[in-house]
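Hey, can you work out the whole structure from these sequences and the hints?
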Amino acid sequence: MSLTTGGEDVVAIGKSGTGLSAPNVVEAADEQSMIKERYSEGTASCSPTLGNPPTPLADCEYIHFHVTGLNLHRKPLDARICAGKVAAEIVDPVTDKITPLVAEHGGILYARYWVRFETMGMLVLRLAGERAIRSGNLLVM
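Mapped onto UniProt numbering, the consecutive letters of the sequence shown carry residue numbers 1 to 141.
Rather than coming from a laboratory, the hints here were simulated on the basis of the structure. All of these numbers come straight from a predicted model, not from anything done at the bench. One or more hints might be untrue.
[Unchecked claim] Restraint ranges, calculated between C-beta atoms of paired labels, are given here:
1. Leu-72 to Gly-51: 23 to 31 Å
2. Ala-132 to Asp-92: 29 to 37 Å
3. Lys-85 to Leu-123: 14 to 22 Å
4. Val-115 to Ala-83: 36 to 44 Å
5. Pro-56 to Val-86: 23 to 31 Å
6. Met-122 to Thr-95: 14 to 22 Å
7. Tyr-110 to Asn-137: 18 to 26 Å
8. Leu-57 to Ala-83: 14 to 22 Å
9. Pro-48 to Phe-117: 31 to 39 Å
10. Ile-98 to Ile-133: 23 to 31 Å
11. Thr-119 to Thr-49: 34 to 42 Å
Ideal Cβ placement from N, Cα and C applies to all residues, glycine included.
What follows is the structure, given as structure tokens:
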């Protein structure tokens, strides 16, 4: 069941996974509007300081799997990885062969993907480097 309150549609589901009756939906709508009011009250806080300087997208290195296998993250987020160093490893589940993923340009590890079993071509890690290594459409992987 959908109900409009204060210009917004509200859909409520009970604990059993079924829709709520009309009085319960109205009650749920009141709770949600209270939550929204809390978010809109007060003053904005300051943004936290950056741990590292901002990096242009052209300076970012994307590391992809070149074989299929189990992803072993070898470095924590925010780690500085030098060019030529191992950033992650791939374990082939059939042969148990370990293949290193090496950073070509290096940088700070700012993103890694949660998928543990990856196929060839999947993006694994993103590094923020110190010099431009890419050009063109920088929002495309």
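Here is how each hint holds up against the structure:
no. : hint                           : result
1   : Leu-72 to Gly-51: 23 to 31 Å   : holds (25 Å)
2   : Ala-132 to Asp-92: 29 to 37 Å  : holds (35 Å)
3   : Lys-85 to Leu-123: 14 to 22 Å  : holds (19 Å)
4   : Val-115 to Ala-83: 36 to 44 Å  : violated (25 Å)
5   : Pro-56 to Val-86: 23 to 31 Å   : holds (26 Å)
6   : Met-122 to Thr-95: 14 to 22 Å  : holds (19 Å)
7   : Tyr-110 to Asn-137: 18 to 26 Å : holds (20 Å)
8   : Leu-57 to Ala-83: 14 to 22 Å   : holds (19 Å)
9   : Pro-48 to Phe-117: 31 to 39 Å  : holds (34 Å)
10  : Ile-98 to Ile-133: 23 to 31 Å  : holds (27 Å)
11  : Thr-119 to Thr-49: 34 to 42 Å  : holds (38 Å)
Of the hints listed earlier, the one the structure fails to meet is number 4.
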